[in-house]
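> Each chain, written out:
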Amino acid sequence: MSIWEYANPVKFMRISGAILPWVAAGAAVCCIGGVVWGFLTPLDYRQGATVKIIFLHVPSALMAINGWLMMLVASLIWLIRRHHVSALVAKAAAPVGAVMTLIALVTGAIWGQPMWGTWWEWDPRLTSFLILFLFYLGYIALWASVEDADSAADLTSVLCLVGSVFALLSRYAVNFWNQGLHQGASLSVAPGERMSSVYKYPLYVSMLGFFLLFLALVLVRTRTEIRLRRLSALLARENRA
Amino acid sequence: MSLLAARDLAVARGGLRAVEGVSFTLDAGQALILRGPNGIGKTTLLRTLAGLQAPVAGEVAGDDIAYAGHADGLKPALTVAENLHFWSAIFGGPPIDAALSAMNLTELARRPAHALSAGQKRRLGLARLIVTGRKVWLLDEPTVSLDAASVALFADMLRGHLGQGGAALIATHIELGLDAQVLDLTPYRATIRPPTSRPAGFNEAFA
Amino acid sequence: MKALLIRDLRLAVRAGGGFGLALAFFLILCTLVPFGVGPEGGQLSRIAPGILWVGALLACLLSLDRIFALDHEDGSLDLLATAPLPLEGAVAIKALAHWLTTGLPLVIFAPVLGLMLHLPGPAFPWLVVSLILGTPALSMLGAFGAAMTVGLRRGGLLLSLLVLPLYIPTLIFGAEAVRRGAIAADPAPPLVFLAAITLAVLALVPFAAAAALRVNLR
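Residue numbers (full-length UniProt numbering), protein chains in the order written: chain A, 1 to 241; chain B, 1 to 207; chain C, 1 to 218.
Misleading hints may appear alongside valid ones.
As the list claims (entries may be wrong) - Calculated cross-link-like contacts (lysine-lysine; reagent style DSBU-like; alpha-carbon spacing at most 30 Å):
#1 B/K121 with C/K2
#2 A/K200 with A/K52
#3 B/K135 with C/K2
Since the hints were made in silico from the structure, they are not lab data.
Given the structure is predicted, the values throughout are model-derived calculations rather than measurements.
With the rest of the complex left out, here is chain A (with noise of 0.2 Å):
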């Protein structure tokens, strides 16, 4: 049996149906987890208590950006394979992603402003996640906009490829024009940035619970798409008879 056939609206319903409610209670354990072991943890030698935020920020941003190239996978099965779930797919964790963006910004403004005394700078990682916003804004607004659905997913799958690029160019334009104050990757591979591990494992565990967290949200917003899609083309049907 190949992968595509959990494109086919039935089998997608019946099998994301079965997996939902495990995923979903997944996400509420390993969210609420992480957050309180990391709430358990000891405060910071500079940072004090403020550092505890990270453990909402982190996964959010982690998942505003995983968000958009789901979107963009989902785009290219569409454009490549039409699956119309694979378009459905992208809609749908178009909001989701955009919300995990907000939440990534207002979390980082709360962390900035007792660490850096203010709460918006221009540094190029808040600058870039604010142009990720924007992109997200501009292809949820596409897709509500355009009245025949398919079309719809086609304008939408180019805007995500174009957006993609300029997205990815605009996060180098925006190191190129301000250096920024933010620090480098928390969860870094090179010695020497590495974070405490009394942090980390916490911060594992609340990450897996966003990633639990988002694909629940995914998973229930598709299948609404999908029963609207269908609802939409049986009164279609009914309208004509």
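With chain A's structure known, arrange chains B and C on it following the hints.
Same frame as chain A, now just chains B and C:
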């Protein structure tokens, strides 16, 4: 060798099949009149044949096609001659004099298109077909806003085109006085399959 | 192809073509900024590179929806799509016509506004060079946005939302080159990036724009 052939063609409008199973061939010198009630999908069929949208099923063969839809594709700020010159250059077709005289536009050649009446604009839109130099004309309600004299003029132009080895597929309700076959789309209206409660196919759940 | 270019240029300069509106908008924008930030010359000269680039970008945006909307309304776009000219070529030509009627006048007019905004003397050549290198990308990306929104109601607002984020890299490198020119630093690196972006955009975006047009025509 036919100029345009459709085999088992199905076209969709707004995601719904309009007509299906349409097959015909159009040879040099032949005209085919497309008939059928409003909304059956004449325009959609013509746009599909012109290559502006993809057929849902079936095949279209033929590429020497000029399409004339409801809109004439005229620029109000350009003169009659400029409009024709432009389309002649884009399609690499013949010079515009024959087209001007065929639709009796020679007198109006220097007038800007925004100063034309509706019927004159339509005549200009039809004259554009000649300067494309294409063999197959796909015409969607070509006689809208034409008076009786202009319709006769148009029928003459069409006869001339057919006489030179051209062909035409015309969606129209009026009698043009042509020796043409009629293709009535009514029997090809897409049947509504009862919705299956558990669709099994890949994307059948959405169609 | 030449016929299409000539027709578009002719339409732009004839009555109702809207030629010059972008320039007027650019002038008004650069007049409003000193009202907002104060007339002090030192401050204006510091922000002048940014204002001129943002102004050029917004002025360019203003006329984008005309690239395809009018041709779509009067049916010309259907006929162009069935013409022997590849749609990618038509898109590129129409973007070129947009640049010739909007981008190029902005480039020529920008130094005058630079004087009004106290742009430092050494920055002037770099203002012109950066705009010449950058504005073709603005027109081409704009044509892409216009192709995406051509059949839509309320397409104009959506067009800005789609196109403006795509303008960010061009804006960053363009304004940076002028800023470096103003402080006598080396403007070459941002100019190289600017030129690279423009060339890549000109080479690749026509395909995306033509794909979007085909979707919107069916």
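> Now tell me, hint by hint, if it's right for this structure.
Now the hints, each set against the structure:
1. Between the alpha carbons of B/K121 and C/K2 the distance comes to roughly 25 Å, so the proposed pair stays at or under 30 Å and holds.
2. Our distance criterion of 30 Å between C-alpha atoms is met by A/K200 and A/K52, whose separation comes to about 11 Å.
3. Proposed proximity of B/K135 and C/K2 is supported: the alpha carbons are some 24 Å apart, at most 30 Å.
Every hint, counting from the list given before, is met by this structure.
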